Amino acid sequence: MKQQFKRVMTILAVMVCSAGAKAQEKDLLDLVDDGKTPNTMVTNAFKSIRIINGHSMEFLAPGTMDFRILHRFGQMNQGTKNLFGLDQASMRLGLDFGVTKKLQLGIGRSTFKKELDGYIKYAPLRQSTGDHAFPVTIALIGGATINTLPFADPTRTNYFSSRVAYYVQTIIGRKLSDRISLQLTPTMVHHNLVPLANQPNDVYAVGFGGRIKASQRVAFTWDYFYNINGLEKGVNYNPLSVGVDIETGGHVFQLHFSNAAGMNERAFITETTNTWEKVDLRFGFNLSRIFQLKKAKSS
Amino acid sequence: MKQVLILIALFGCFTAAEAQNRFFTKTGKISFDATTSKSPENIDGINKNSTCVLDAQTGDIQFSVLMKGFEFDRALMMEHFNENYVESDKFPKTTFKGNIVNNSAINYTKDGSYPAKVKGKLSMHGETKEIETAGTITIKNGKVMVSATFPALLSDYKVGIPQLVADKVAKTAKITVDCTLDPLTK
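Line by line, the protein sequences are chains E and D.
Quick note on the numbering used here: the first sequence kicks off at 1 and runs consecutively.
Quick note on the numbering used here: the second sequence kicks off at 1001 and runs consecutively.
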């Protein structure tokens, strides 16, 4: 009995000792670490909800409104006569709303063709990191534009539907690193009415956009759409815009050069009549100001 | 037989003591305030999912906070905080690992409020600094409430403030800790 007790005591002593030693070595935080990494949504792939002209994979935070003022000046190759295009300007005013982390909608009006536009943007999947990470953001966009100019020929029977065009878009985008984000944007634009019989009602295009961050607050961006059909030689061209995003506190300034004059999907994809070849470019800027409509913090 | 009983009793005591040795929470509140008189709005955020573990026997206390878990009144401020100031993608966690210097003066089994002096290392934004602060430990119904307020000089942690907003963001953030710890049974 005595010997047995001694043995038990020894075992116990060893156990206690080792447990004590373990506790000292161990990080206290490790004790409550469940080893799980919660899924975190990857955000700030782009500084703004538009790369330059096209939608970006980024969404507005819920409860915020983005007031956007877009300016496109005239063609730079017009020389001093028009102060390199600065004498002329075309603009779009827009309001965009973040509804949820995956839902956003917006409206706008452009000088060009006095066109109204609106869209709904929804992301079934967003890029995330963690135990159930997803590599890309997939966003679906449906939009419409309404031309409000007087009808070209008031003598014939005109229908309201003739003013309307639609576009549908899928964004597949990935923030590759802190600095580099890329996205692919297959798009279809449908015109209810086209001016000429040889022009297709449905135009298919693929967008390719991206950004490279130069510093914490400055990024280089580009935005290109390749028209698969509907391009007529010498009449319309693929829109390419290159620019710089500058973030200054509450504003994001996007300064860029582009051959596109239009500022909604229908206009810049199917109606870009200038070309990079002849420096037939325009200087332009987008100004974005975010307003908080609903307090984000629940205190 | 008597000896075996003593042994069992001893063993029981030991495990019981160990069970109450440690306290923890995963829903602690840690907030910061970097508002100055020239700030156009309050610059503050709160993290309601902070982890804190306290070893009552040794006085060791540790905190861990996910930077992306800070909530703000304005979504844009949250974005700027994560993107431009603390760089949450690069440095996702802030930790504090320290010790209650006057731990022996705190009776964890008796309800009451005890002043605590804490010393340790705060690691944030890739920088680690030794800090020392006074706080309060309150024991109530077996729970431990930890509270403290201390300043953190942002330049100590290489958190840069652009020239443009230099007078609108405080150089020193006031950090407030408010955690209620439950006994850790493990």
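Don't take every hint at face value.
Dumping the calculated DSS-like pairs for lysine-lysine here, alpha-carbon to alpha-carbon at most 27 angstroms [stated by the list, open to error]:
{"id": "1", "chain 1": "E", "residue 1": "Lys102", "chain 2": "D", "residue 2": "Lys1090"}
{"id": "2", "chain 1": "D", "residue 1": "Lys1168", "chain 2": "E", "residue 2": "Lys36"}
{"id": "3", "chain 1": "D", "residue 1": "Lys1158", "chain 2": "E", "residue 2": "Lys294"}
{"id": "4", "chain 1": "D", "residue 1": "Lys1168", "chain 2": "E", "residue 2": "Lys102"}
{"id": "5", "chain 1": "D", "residue 1": "Lys1158", "chain 2": "E", "residue 2": "Lys213"}
Worth flagging that the hints you see were computed from the coordinates, not collected in a lab.
Note that the coordinates shown come from a computational prediction; the quantities given were computed from them, not determined experimentally.
Hint check results:
| no. | hint | result |
| --- | --- | --- |
| 1 | E:Lys102 / D:Lys1090 | 25 angstroms, holds |
| 2 | D:Lys1168 / E:Lys36 | 38 angstroms, violated |
| 3 | D:Lys1158 / E:Lys294 | 32 angstroms, violated |
| 4 | D:Lys1168 / E:Lys102 | 32 angstroms, violated |
| 5 | D:Lys1158 / E:Lys213 | 20 angstroms, holds |
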